[in-house]
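Residue numbers (numbering that gives the first Met the number 0), protein chains in the order written: chain P, 0 to 332; chain A, 0 to 332.
Just so you know, these hints were derived from the structure itself, not from any lab.
Watch out, some of these pointers could steer you wrong.
As the list claims (entries may be wrong) - The list that follows gives simulated cross-link-like pairs (lysine to aspartate or glutamate, EDC-like), each with its CA atoms no further than 16 Å apart: (1) K134/A to D258/P; (2) K133/A to D258/P; (3) K133/P to D206/A; (4) K133/A to D206/A.
Protein chains: 2
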Amino acid sequence: MIKTPYLLFLGDAPDQLAAKVAQGIKDWRPENAVGQYRMDGCKADLGLADMTLQEAKDAGAKTLVIGVANRGGVISQEWKKVLVMALEEGFDLASGLHNLLKDEPDLVAVAEATGQELHDVRIPEVEYPIANGKKRTGKRCLAVGTDCSVGKMYTALAMDKEMRERGMKSTFRATGQTGILITGDGVPLDAVIADFMAGSVEYITPDNDEDHWDLIEGQGSLFHVSYSGVTMALIHGGQPDALILSHEPTREHMRGLPDYQQPSLEVLRDTALALAKVANPACQVIGVSVNTQHMSEGDATSYLAQIEEDMGIPATDPFRFGAGKLVEALAVI
Amino acid sequence: MIKTPYLLFLGDAPDQLAAKVAQGIKDWRPENAVGQYRMDGCKADLGLADMTLQEAKDAGAKTLVIGVANRGGVISQEWKKVLVMALEEGFDLASGLHNLLKDEPDLVAVAEATGQELHDVRIPEVEYPIANGKKRTGKRCLAVGTDCSVGKMYTALAMDKEMRERGMKSTFRATGQTGILITGDGVPLDAVIADFMAGSVEYITPDNDEDHWDLIEGQGSLFHVSYSGVTMALIHGGQPDALILSHEPTREHMRGLPDYQQPSLEVLRDTALALAKVANPACQVIGVSVNTQHMSEGDATSYLAQIEEDMGIPATDPFRFGAGKLVEALAVI
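With the rest of the complex left out, here is chain P (with noise of 0.2 Å):
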């Protein structure tokens, strides 16, 4: 688990694209970010208070993320001077950079003398169990996609926000690096041992209240050869009580598989339910999340409307319409 708050590191950052993820941060988890460190030439810029080390750390600030991509998968000299500076003014460092800052022996060696944590996210740092399959208390919700990178962890954290706004229980639960950086605790799922992936969905989904709902972020596709596994292992280790389908209407072929294409909605509630029923009997298909970011608002609507008429149950985009819809499907079950 990553000590919070941040203080989010933007670097050099060429464009506002390139810091993402500390944009990802400052969107969904406005608490967690006390200010932005930006180096000369940053050109990102996040609004939020540009802060010196020492500064943050009277702020309250525990740990620098690195919440920019760094240019040529190199940790460059001039991030390392200040990453040294952060750990020697008491900051954990947190990364989903892929190049570790744990394969940096200065890094290391700073960080072993002063006591700080180097938490790299796209490694899992817990051995977690194999999956025992034992119902467990509190709900469950899953996004599953007819495609990989559909939305669906979008859906979750506005799925989750729109439930904390309205006093319900809910826990965003990250499976993916820019998850646990917002967050500060999560799995890399992609990144764990196959014996070991449904038990890590279940080790973070543990026993809650019978009215908390975990909000599972999903990861890949039943459809995606390359990943599907992956998505599996989050429908049984889940074990989700309602399930919500993503899709992107606009794409011409599956992600990275020119030969591929995605399947319908109907076919993937159909194959999804059936699987998710074998860990939990009493799953549901409670909605329906498009990211329609390609469409017209017109369009939009109307294709919507189309899908509550042909499956009966509730579609939204979250990012154009809100998810509340969404958020009162879930109150049913």
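Assemble the complex: chain P is given as a structure, and chain A must be docked to it using the hints.
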């Protein structure tokens, strides 16, 4: 890839069952087994020639395979004396033990000094790619089970043997440690990192002759919540042309999961086939393999006949009645 043929190390096996890996090698790849090495007190006997290291070397053996379970999870000093001598005599070592050869500093040091290889088949030795889903030439068959440990490996090995005897082109593709030791090659799928599972299955079943069959060793079950993700990766990475349904009819619950029941063969057929068609629309379910070891011969025969009547596909117990029926069913694809 492990160099063959082998000298099979039985150590101080307390009984025959402790040497079941060595027995599997001798049963399925007798050409890989030039002899056995037994220490004082060994209670197992494969019926192979007892050889000294020098005799085995002269007979062409390249690798000493630990074909026996060790007691207490420790590689004893008595074993180590033999293992070190074997390295010094020019043998590689191969092991499927939980405690790794590579975690024993003395063995590592001698292996480095002698230039010999240590193979721990529980650990992947390859950096596998992410699956690309591209259609490959040649044909592939996969056994999928109603549960774990219902005879999927045995079915594939028996079919491979039968096909070779009939002059058909086939290769058993190991996905678990015993299978890897038997054949000298394969992927320890349960130890692969999630994102690379399907890619590792693609890797071990590459393009081949149009009339060549890969007989892929199955793992887990779509209905076993602990391991279903591994099975999913086999179905999508393997892109099988033919599925075989494997079943053990006398189980009272799923292996290790007292609250879970096995699905019917019909449910397994429909679930696995629909998922397999994502990667290979031409896939067919061609037969049923039943482990009847806990049934009388009469009961087994009538049980198999009933399946054939109900499902309209051949059903057999390949251990009891041979794999001929399944191989003949493949031939029509």
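To see whether the hints hold, each was checked on the structure:
{"no.": "1", "hint": "K134/A to D258/P", "verdict": "holds, 9 Å"}
{"no.": "2", "hint": "K133/A to D258/P", "verdict": "holds, 8 Å"}
{"no.": "3", "hint": "K133/P to D206/A", "verdict": "violated, 42 Å"}
{"no.": "4", "hint": "K133/A to D206/A", "verdict": "holds, 10 Å"}
In terms of the numbered hints stated before, the structure departs from hint 3 and from no other.
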